[in-house]
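Protein chains in written order, with numbering that gives the first Met the number 0: chain A, 0 to 267; chain B, 0 to 267; chain C, 0 to 267; chain D, 0 to 267; chain E, 0 to 267.
Each statement offered as a hint is correct.
List of simulated lysine to any residue pairs, SDA-like, C-alpha gap at most 20 Å: (1) LYS157/A with VAL28/D; (2) LYS133/A with GLU102/D; (3) LYS179/E with LYS207/E; (4) LYS153/E with GLU24/C; (5) LYS133/E with GLU129/D; (6) LYS207/C with PRO264/C; (7) LYS206/E with ALA263/E.
What the hints contain is simulated information worked out from the structure, not anything from laboratory work.
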Amino acid sequence: MRPIDDAPVTRDGKVLVLAYDHGIEHGPVDFDPQPESANPEHVFEVATHPAVTSLAVGKGVAEAYYPSYEDDVSLLAKLNGTSNLWMGEPDSAVNCSVEYAAEELGAESIGFTVYPGTNCEVEMFEEFREVQEKAREYGLPVVMWSYARGQGVKNDTKDDVIAYAARLGLELGADVAKVKYPGSREAMERVNRMAGPTKVIMSGGSKKNDREFLENVKSVIDAGGAGLAVGRNVWQRENPRRILDALEKVIYEEASVDEALQAAPAKA
Amino acid sequence: MRPIDDAPVTRDGKVLVLAYDHGIEHGPVDFDPQPESANPEHVFEVATHPAVTSLAVGKGVAEAYYPSYEDDVSLLAKLNGTSNLWMGEPDSAVNCSVEYAAEELGAESIGFTVYPGTNCEVEMFEEFREVQEKAREYGLPVVMWSYARGQGVKNDTKDDVIAYAARLGLELGADVAKVKYPGSREAMERVNRMAGPTKVIMSGGSKKNDREFLENVKSVIDAGGAGLAVGRNVWQRENPRRILDALEKVIYEEASVDEALQAAPAKA
Amino acid sequence: MRPIDDAPVTRDGKVLVLAYDHGIEHGPVDFDPQPESANPEHVFEVATHPAVTSLAVGKGVAEAYYPSYEDDVSLLAKLNGTSNLWMGEPDSAVNCSVEYAAEELGAESIGFTVYPGTNCEVEMFEEFREVQEKAREYGLPVVMWSYARGQGVKNDTKDDVIAYAARLGLELGADVAKVKYPGSREAMERVNRMAGPTKVIMSGGSKKNDREFLENVKSVIDAGGAGLAVGRNVWQRENPRRILDALEKVIYEEASVDEALQAAPAKA
Amino acid sequence: MRPIDDAPVTRDGKVLVLAYDHGIEHGPVDFDPQPESANPEHVFEVATHPAVTSLAVGKGVAEAYYPSYEDDVSLLAKLNGTSNLWMGEPDSAVNCSVEYAAEELGAESIGFTVYPGTNCEVEMFEEFREVQEKAREYGLPVVMWSYARGQGVKNDTKDDVIAYAARLGLELGADVAKVKYPGSREAMERVNRMAGPTKVIMSGGSKKNDREFLENVKSVIDAGGAGLAVGRNVWQRENPRRILDALEKVIYEEASVDEALQAAPAKA
Amino acid sequence: MRPIDDAPVTRDGKVLVLAYDHGIEHGPVDFDPQPESANPEHVFEVATHPAVTSLAVGKGVAEAYYPSYEDDVSLLAKLNGTSNLWMGEPDSAVNCSVEYAAEELGAESIGFTVYPGTNCEVEMFEEFREVQEKAREYGLPVVMWSYARGQGVKNDTKDDVIAYAARLGLELGADVAKVKYPGSREAMERVNRMAGPTKVIMSGGSKKNDREFLENVKSVIDAGGAGLAVGRNVWQRENPRRILDALEKVIYEEASVDEALQAAPAKA
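Kindly produce the complete structure, drawing on both the sequences and the hints.
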């Protein structure tokens, strides 16, 4: 494990990835609740918030918009992704090479999804191997989206499954593992323990109210987790900077959820 | 996204691709309504019309005819394609490499089909990745034929599906996305919005009467679209130059359909 | 399309390929009617006849016999082929690389089979791409054996199907397309028209009597076709030189079938 | 077979691999009986015991922890492995390249699993070929985890099956073959005979009591086997050093099981 | 076809390959009738008999033992092979590269199995292509194990099938084709005729009594065959040198079976 505590994907050892790969994974329907979120410029602007350590986007969005934001945003190139029009076994197309991300896009970290438990596990692990080893050549930290799925995974939010997903991050050489929230601080502590020095971040998931969302994040931090990757819970909000202000308090300043909500009032 | 507004595939930021890949995709039956259209020379001649920004053909046709037209026509090398004799899952053979298109054919832009929603989506996205990254090396704009299909796509002209197809053009790094017409100007505006700086062009589709066809094109332009790719609606006509005259008015000169039809009368 | 009219595979713009790939495609049973035809030397001797522009054989036969005939025969290396012991979907193994054919065998042209309409169409088109582009590097003309087959092809001698097969030769970059005889001169004219500058040659097929065979060839020539590829109709005959004399008249000297038969009498 | 008797994976020609690939193969559940075993540091500490010739771990664990132990532990990079969330045909993802193991991780030997008898046998043998030939370039000994499985293998602890598995180690070029215990000293002698100069080591398997476990190991040594690879039987124990002391007696000092147990008393 | 009459795999144009790939193909059960045959040293010793032109073994056995025998035995590296634990469609893993065989093992010829008629025919032919072309670079003769199998092959000892298998050796560029015995001298003559200059050798098959075995070999030689590849019929015998003495008479000295048996009496 290469030290990543001074890499741009972290701040004080913590991680807050703003994820914006919904255009490929879910399609325009995800932008409907907040139409301006369809415009990548809006999201790049949000990503200039100091709480955000990296913005995760695919190749095309990075090519089109990152040149205007490279001084203010750290690019996490999300290399694989697939539309949800496809009804087959979970899999993910590799849409960008590490070389292209590093040399042409100017990425400062790499993101890659694996689906342990599916029929594509072996193929995806092997794709991850190539990506991870190539990223090491470029000195780029690797964030693994680790989501157990498939016929053998009856409940993908069960703590055992999430602990396994995080452990796979360590075993396969990820610097950061992005997993679902396992439901409690105690479960999250075990998840962290299994990942060793691989930083664990929570997947933001579908939109929640402020308090519920921040309490989940708080329990991740309290459990020793590194932070979260968040998409819809930020850019589907009317005022995304307000929730980022609150996240900054919780993640980097050891604030309570109440303190964070007070410092970033809804009517600011 | 590299700027393509000064690339030969555009004129004043607009695009009119004359598509002639029907010999592989549909076979000789498409030439029957206008037998001379079987002769590529006829189509190359048509493509010298100033309204046409590029002519899209496959490798063999380019090899045989483009040397005589390279001063008057801009070649868009359509790299993949498959016969309709094949009854399997939608897929498309890669019949020409980017290297060959750039170095041997003299192509000035690249075309590539993807079928999101099919079992071949992952494979086609990955082929697109290689094509797109290689085309960037040669500085060639990439046009994505983006047609959602497959078991999960019940209606491939639904506006949500077409908006998703256009967004995939942006996400995967296409300079231009060629999609079906979504049925209305309002739907087309949303499609354009989803594609960001990726130019959206309408697929010409099967032959229509002049007014109906031009009204579709007009609504694309009015909605902010870049233009269209057209095949049968041009070279299946007795006088293809007449419809190109009209398209020139609509696409580049902000003319109404009536103005365009008057300027290019049927009995010219 | 590179000019091939001065390549060894043609004579005065016409083509007569002697095909001898039956040892792999059909096995020894094809040699039983004329046992000496099992001996490649016999066939190489026949191929020295001036009517023959090229001899099509696989790698092993070329390696073993061509060194003795390279001054008198022009080698067409048939790169792919499969035994008929196999009962699966039509496919064809690539048994020789272009590099080996060009550098080690001394081939002066390349032959490659595709089966449009089968489940292997995409794979075979992509193999053809690699072969065609590599052959261009060596300046070798490419002959495509273009045989539509598969579940969607109910009748592979239907003229539409054969016209499509010939057009695919043009579209994919073949210099010569070898197709089945479509049944009439009129149908053959359309086939030729669809192929543009790609030369169309008729597949000789199973053995026929002299007059019937020559009349088919005559109608191909009259329809503007370039000639034929013939195997069993030559080397399954007791006197193969006699039928080659007759073919020479019909193909290169514009003779009628009667003239050709008189000039090469059965009892010569 | 390259001589490996002076390679770090052996001591006096014997082998004791401490295996710690359970985080990927079985997941966190394997660490529950001894929670500190989830922490790779604990296992690296155990591996400094002089009885241990190599520690087998995957890429990510090696990257994170081996830099602190490279003077005291010899790294066996286990290249492939798959989660048990997956319900498909036995297979194993290649998660680390030989180049990366040799050049970046500092591995002194290589481990690779094959599953003869499964549908993936051909693929895994071919992966093994590449790994073995590349490992030879780096001069690294290769340990084959050789586990017969699949529809044709009704009983994977049958002595014939294990003898075959060991023989495959010899045939495919492994320096060491790791197989299941065949049940008796006599069966183990035949297994050794079949493997020729390929060293045979017993797989430790699930946790057993001290005497039963040591008696199995003793019979392996008495039968001429080289030793064992052991995981849970060491680091699931409260005092792993005690069992390693006993193993050292049995493997390297020709001690009886009683002597070994006396020298390493349970209450030490 | 490159001349191989002065290559080590032949003696006076004849071939006697001692085959010892049973450890991978059949497993230890093949060694049970003569337990010392499990020890490759025993077989290498047998292979020093002057009647033996080459010893066919896999990579691992060659690595381990050939360095001690390279002055007295000519190594035929058998590149592919698969265990019979596997119940799937006939296929064979490529366990050794030509490069490794030539440069590291010191092989003087190459062996490769193909199964015409199976679902893997296309794949195996293509693997054979790569092996054959690479072997040509190293100047190594190629022996094809040519065994027709699969759903379309009802009887794999039918003479038509064996003649086809031998012809495929010629067509694909093998120097020697190893086929099953077709049952009679007449059938064998046709098999030879189909193979042209590719030498045909008989597969020894399961163990037979001396006279029956030698009579088969004699009929192969009388029919113009080059010899045989033999495994179990030699090293499953108590005195393998005696049968090799007899084979030497029959293959190289034109002796009758009676003469051969007298010269090499059972009680020698």
